[in-house]
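Respectively, the protein sequence lines represent chains Y and X.
Residues in the first sequence are numbered consecutively from 1, following the numbering used here.
Residues in the second sequence are numbered consecutively from 1, following the numbering used here.
Treat the hints as calculated values from the structure; they're not laboratory data.
Virtual Cβ for every residue (Gly too), placed ideally from N, Cα, C.
One should not assume that every hint holds.
Where chain X lies over chain Y, by a calculated footprint (3+ residues, C-beta under 8 Å) [as the list claims (entries may be wrong)]:
hint	segment
1	5-17
2	74-85
Part of the chain Y face toward chain X, derived, beta carbon under 7 Å [unchecked claim]:
hint	residue
3	Ser161
4	Asp169
5	Ile174
6	Ile240
7	Ala245
8	Ser247
9	Pro251
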Amino acid sequence: MQRIEFRAMGCQMIALVDSDEAPAAGAVALVPAWFERWESSLSRFRPESELSRLNRQSGQVVPIGDVMFLVLQCSLDAAHASGGVVTPAVLDALQAAGYDRSFESLDADRSLSAGPAPAGDWRAIELDPIAQTVRVPAGMHLDLGGIAKGWAADQAVRRLSAYGPALVDAGGDISVSGALANGQRWPIAVANPLRPESDLALLMVREGGVATSGRDYRRWYHNGAPAHHIVDPDTGEPAITDVLAASVIAPTARQAEMAAKVAFILGGERGIAWLDQRDEFAGLLVRETGETVRSRRFDDYVWSESLALIENSAVPAWS
Amino acid sequence: MSSPKYTRTTSTRKDTSAIKALIMLSSLGATLGGWGILAAGQVQSTTTNVNASSIPAAVSDQTTSIGTSQQALQQSVAPSVQFRSFARTRSSR
């Protein structure tokens, strides 16, 4: 098994290839450079990135590179699939909520005068696949954070899979290319958001993606009130939800990321209903009370012994 | 924010025993490396050869003893379980 660990996109990254061959080791060593290239295009925290330049040109038709085109297409697909609950047009809302710099640079308590800024209409974004251009409506600005990580995990896994069964963990957004060399599934733990050193469940995943959206880590105080990084596009403010964290299994990491975010924003009851209506998703939601809720297909992926732990879990409740 | 209070969704001494009975299965061979978080801005790349063993993964059981009264159950230290896995999904960090 080849393994590399590094930081990129503000997160801890891990890449694995189940092979002892030298070409696999060579491929794994390239993964940090792939992520650096993608981050240099997609990061809103880098003034020279393609995304930052695009955001400075809202209202104009702008030629874009291959990476930006692909990720924008994915973000619009996610917006369509989620009915607009997940949308790239949330940068102004994020900044108004205090998330105007990388999380590592964020003060625990921000005091800003800007009020909430509802997300713009993603359907007004004009992406031209022939000319490979995009026009973002004037006054609208984009953030690609979550979708970029999921997309990057999928891309890296696709490249690595040529050398053996591969897994890429992009800050908790995980992509898996196929069964391990011994034919077994990849064991992937689901962290307990109320107890970071502990796990809630063990998933057994052959291929696809696993992602978690939550407010247990990227949170701060904004004008004295608690805030977090997942914006409700209708209000332009951090989503008010009873869900602390939502973990979803999907055919790809980018789909898992989108679905986890939807389930989080919709809340425990509506989030599980949304997942249950879609055969391609399976999810586990942790409410702020400590209660866990599983979608109808979640048990298909859980190691049976860990299922008993979910059902008998003792987790602290916020108070 | 006040300190969290502990609640159990369901809890019995029998369930605790069931958790304790989970077998420590064979390890994943050589260590997969720690989950330690690197300091922001620090890049560390390591490529190691790791032998993957068979599944299912080992379970680390750190269960502590739990009192029998409801009040004691609510105030007790809850079991902490960490699975041996190749990756761990959590909100991005």
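Status of the hints after comparison with the structure:
no. : hint   : result
1   : 5-17   : holds (count 8)
2   : 74-85  : violated (count 0)
3   : Ser161 : violated, 15 Å
4   : Asp169 : holds, 4 Å
5   : Ile174 : holds, 5 Å
6   : Ile240 : violated, 17 Å
7   : Ala245 : holds, 6 Å
8   : Ser247 : holds, 6 Å
9   : Pro251 : violated, 16 Å
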